[in-house]
Every structure is written in C-alpha cells, then in structure tokens.
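Position chain B against the provided structure of chain A, taking the given hints into account.
2 protein chains.
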Amino acid sequence: MTATEVTGQELTERVLVEVGRLVRRGMLDAIPDGEPHTWLYRLVRAYPSRPGKAIRPSLCLATCRAFGGTDDDVLPVAVAIEMLHNAFLIHDDVADGSRLRRGRPTLVAEHGDALALNAGDALAVLANQVLRRHCRSLDDRLADRVYAEFDTMALRTLEGQATELGWRRDNVVDLAAEDYLDLIMHKTCWYTTIHPLRVGAVVGSRGGADLRPMVRFGFHLGAAFQIRDDVLNLVGDEAVYGKERDGDLYEGKRTLMLIHLMGHVRGRDRTTVAAYLEAGREGRSEEMVAEIRHLMEVHGSIRFASDYGAGIASAALDAFDDAFSSVPPSSDTEFIRSLVPYMIGRDL
Amino acid sequence: MTATEVTGQELTERVLVEVGRLVRRGMLDAIPDGEPHTWLYRLVRAYPSRPGKAIRPSLCLATCRAFGGTDDDVLPVAVAIEMLHNAFLIHDDVADGSRLRRGRPTLVAEHGDALALNAGDALAVLANQVLRRHCRSLDDRLADRVYAEFDTMALRTLEGQATELGWRRDNVVDLAAEDYLDLIMHKTCWYTTIHPLRVGAVVGSRGGADLRPMVRFGFHLGAAFQIRDDVLNLVGDEAVYGKERDGDLYEGKRTLMLIHLMGHVRGRDRTTVAAYLEAGREGRSEEMVAEIRHLMEVHGSIRFASDYGAGIASAALDAFDDAFSSVPPSSDTEFIRSLVPYMIGRDL
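Quick note, the sequences are listed as chains A and B, same order. According to this note's numbering, numbering within the first sequence proceeds without interruption in unit steps and concludes at 562. According to this note's numbering, numbering within the second sequence proceeds without interruption in unit steps and concludes at 562.
Hints in this document: simulated from the structure, not taken from any laboratory. Wrong hints could be hidden among the right ones.
Since the list gives no way to pick one copy over another, a pair counts as held whenever it fits inside one copy or between any two copies.
As the list claims (entries may be wrong) - Result set (SDA-like, lysine to any residue): computed pairs, CA atoms no more than 20 Å apart in a straight line:
hint, residue 1, residue 2
1, 267, 318
2, 467, 326
3, 467, 252
4, 467, 356
5, 467, 343
6, 267, 385
Bound conformation, chain A alone (with noise of 0.2 Å):
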C-alpha cells in the first residue's frame, strides 16, 4: 500500500466519523422526546443512536461543498437522507426477519413486527419534517427540485424492494446480472448514492449543476457498495459487520453469487440449489445453507462477485471524473473520490 493509499483511507474514515457523528446529533434532536416513550419514539431512537456508516450524509455534505454551498445548505438535508435510510431499514428489517443491526438486536427481534412497523413509519414522517423546515429557508422553485429529487429517491427505493421481494416470493430463477444490476439500481443506488450526489449538488449549485453524470457515478458507486454489502454477508466477521452472517442465504436473496450459481450448477448440485430456491426461509436449514456457501465457494461464485464489483469500481473512478470535472479539485472531491475503493475495501 503506498503512502497515498493510506492518506486516502485515513481521510475517508476521518470524515465519515465526523458527519455521522453530527448527523446522529441532528437525527436525535428532530425526534421528539414524548409520550409513548416505550413503544414508539424509544424504538424510533433506536437506530439512529448506533453509529452507522454515513456514506449518504457525508456523501451529500461533500457533493454539496464541491459545488460551492455550505455545510449549513444542507446539513438537515443529509439529517433527512439518513432518517429515512433507518426507517428503510427497519421495514427492511421487519421483511427479512432479521435479528441484528449495527450490532445489536433489531427493532422487530426485540418488539415484533407492528411496533417496529409503526417506529418506521415515524420516522418516515419526521424525516419529511426535517426536510420542510429546511426548505423554507431555500428558494420556492429550488425547494421543488430538493422534493422531487426526494419523491423520485424514495420510490425507485420501494420498487426496488418490491422487485426483490417479488422475485423471492415468487421463486423467480431466470436471472442474468444485468437484472440484478437493475435491481439495485433501483434497491440501493438511487438512495445510497445516486440521491446524496444528485441533492448535493443541486443544493451547492443552486439548481445550476447538470445532474445527469451523478446517476452513471452514483450507479457505479452503489453497486460496488451493493455487491461487497452482499459478499460480506457470506465472508464478514459478523462482530464487525454488526449484522447476521448468511442472513441472505437463508433468505434467498437473488445476490450475485446466486446468480452467478443458479447460472453455473449441473447435475446433482443443479437439483440441490433448486431444492434450495423452493424451501421458504423456514425450510431452509443451517445444512442447507452450508451446502449452498460450500457450492458458491466451489463454483468460484463469490471470486465472481468480488470481481465483478473490482471491476465496477473502475468504472466509477471514470464517471467520477465525468461528474465532477466542472468543480475545481478540493478535499470534498478527494473524499468523494476515495469512496470508491472504501466501497470494495470495508469491512463493515
């Protein structure tokens, strides 16, 4: 690794702490402190009192900077970004089952699924609170572009979890790559970057920047982001990762390396992965799900991913300079930059 390298890490890291530390500050200041305490606004603290990672604050912080706002521009639109990422991932939560997030039980494991419903919702709706206080303060036909920017994030976002919810409820098997790139263009890009990107720069240039390179670079980054989420759900230190190991085996989400499985598997194992496919969650056992890693690890599966998601990151280093080059250089471009190997590199 060579002394760039390591600068580039230590900046990355340095800057994600500092945003998700204000941002946690403005997340936990929006939610009211009432009544019912136990079974609603405690739980809606909840996720936003673990730190997280804050790619989508800080992201949007950054883009915003670059394009010459400030950080007072659009700081409760980052706080807004990342309410309604943890209400997703507390619905996300109640639709998969699943039982830790950032660490520690989630909201449905200790609650069940109404109340962690309902939490979800509230912050839903206080996250929209956020971004209307804040677009007072914007010009009328600016603040209209900050909502559609919004509108158009949250229901590519719901399409996409349809989608993918869709293909699983239904057993569906005919499946190429490309539709899980599209997939999680419209799952995971559109919020985790290819939003932040787009509301930051619309923000910092007030409404002068063209928008349209940030989906190419935002497309690239998520995805590479995307696809190393799904491999270290399979070789992640669960410690670290802060969520369950082979969560997505055993929920049979269409990742990549299924993909790339279903696609590759003759014989014998062709029959193992369809029983494998048809069983539900509950009648996917711990031998099951092993067999399927061990089938993944045989068939080169997860190098594929892993690969693939190397070679995706390349190409957001390309639309990077697309989308930015009519910004002067600066640490904002440099950190956004550096999220590109970030996004292969983590660990959590």
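Here is chain B on its own, set in the frame of chain A:
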C-alpha cells in the same frame, strides 16, 4: 323518523358517495402505472380502488367551503388525506394480520407482510407528493400551516397506534374509559375528524379561522365514529361491514366493551377474562372468543358502549355549534352536522 331526519341522512349519503367518487379518481390518478406492477403498483392501487366511506375527504371539503374556500383550493388536500388513510389501513392490516378489508382480502392476506408493508410505504410517499404539489399554489405561510397540520396528524396517529399495540403486547389491563378516550383521541380522531376539519378550515379561511374549537368537535365526532366501529366489529353484518366480525376480540383490542367487561366481571368470569387476555392472538380459540362475547352481552358491555357513543354524539352537536358559529349556515354546515347522527347510526 321525521322528514328532516330522512333528508339529513339522504344528504349525508349523497355527499359521501359523490366525494368518494371524486377522491377515488384523484387517488388513482396520483399512482404511477409503471413497474413493478405485480409486486408494487397493483398493490398500491388496491385499497384506493375499493369504495370506502370517504368521511375524511368529505369533512375536509365541506369545512373548506363552509369557511369560504372552493373545491379547487382543497381537493388535492382531501385526496392526500384519503391516501394517507389508505396507507395506514395497509399497515394496520399487516400489524393485526387482518384478512378482510372493504369486503375483499387484505393486501397482507394476498401478498404477505413484506410486500404489503412496502406498498403502504409507497402510498404514503405518493400522498406526500400530492400534498406538496398542491401546496405550491398556496402562499408560503399557508403552505407551512398545512404541512404542520399533516405532521401533527401523522405523529398523533402513530402515537395512538403504538399505545394500542403496546397495551396488547404488554397485556395492560388496568384501563378505564378515560384511557380509551385518550387512546382514540390519538389513534382515530386526529386523522379521521380533527385534521380534516382543521386543514379544511385553515385553507378555506386562508389562515384566518380559529382552529381550537375544531379539536373539541373533532374529538367528539371521531370518538362517536370509533365507538360505533368497535361495536360494529361485534354486531355488524360482515357482508355490509367489510371486515372480519370479532377480529377485535381475536386481537384482544382494548375497546370500550372490553374495558367495561374487565371492570365488571367477578369470580369465575374474571378468571375467564384474565385467561383470554393472557392468551396471545394465536391462543384465542373460537370458543374463547364466543365466551367473551357472551360475557359482554350478559354484563351489558355492548349496550354500555352504544349508550356511551350516543352521549358523545350529543356532546358533538354542542361542539359543532361552537366550531361553526363564525360561518353562515349552508348545505356544507348541514352536511357536517349530519355526520353526527350518521356516525352512530351507520352499518358500515
């Protein structure tokens, strides 16, 4: 029944049907027709396509007109209210595991928890979009007040929902009628009556109306509605009512009838009620539910609740006079007043 009462009831039903049709069209126009259709947008359209009572949008429109506004001033607000209501219904059905809604299978029954939850999220996003687009046409100060009304409404509703779920989950039993009224003030009245009244008045009067008396009227009107709803769940005709009869009993919902019963049983009956309360939804057999319903009849709990509802309705008429004293009588004020007897007389 006198001639005036017949006219009143006819007026009420005619307005509800007309507004229902108008608002249904508005909701469906606001829902994208794109992909994924099978897993998202078909689900999002389901409840808005089924004719509901349309109490909330009708109240909002009539109040706006009573305070000097036009349909154009407020129709999208009424559409947004009804869309949020439908989003709440989807999530309520997930939380309660309900099987029947407006006479047809619930989304959760047809598509499972995860897809239904996700569709409810999308409907809430679209409701916000409708609201925001309309608020552009209002002056900024008025738009801010409308948004603030929506935020308050959504949070009060989620607080109430959390409390009700919490009571059931933690088997809270030391409850009196006042606790029930406080619960439904949050869970039902705010979004069913208080909010449509307040937001209608604020838009109709361009911010000039005194909204405080709307809380008292809305509370009594909404409480009359909810008490009737709870009674209908026990005595209603399922084909007309459109939900599973006795659903509340299976869920252990703390209705006025159940609270009355808990306060009146002694000896062996007390043990029966305690066993019913301690059993979770899964543990409540048909026999157990039949026994509780029988005890409610024996102890006059259903009669008690109906009488209580009638008393609340009387108070609502008083509060109506106060809330609408500043505006001239019209077919709109007549319609609003007619909702009081409608709430306690309705069969669906």
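Each hint, compared with the structure:
no.: 1; hint: 267 / 318; verdict: within (15 Å within a copy, 43 Å between copies)
no.: 2; hint: 467 / 326; verdict: between (22 Å within a copy, 17 Å between copies)
no.: 3; hint: 467 / 252; verdict: between (33 Å within a copy, 19 Å between copies)
no.: 4; hint: 467 / 356; verdict: neither (39 Å within a copy, 47 Å between copies)
no.: 5; hint: 467 / 343; verdict: neither (33 Å within a copy, 31 Å between copies)
no.: 6; hint: 267 / 385; verdict: neither (32 Å within a copy, 38 Å between copies)
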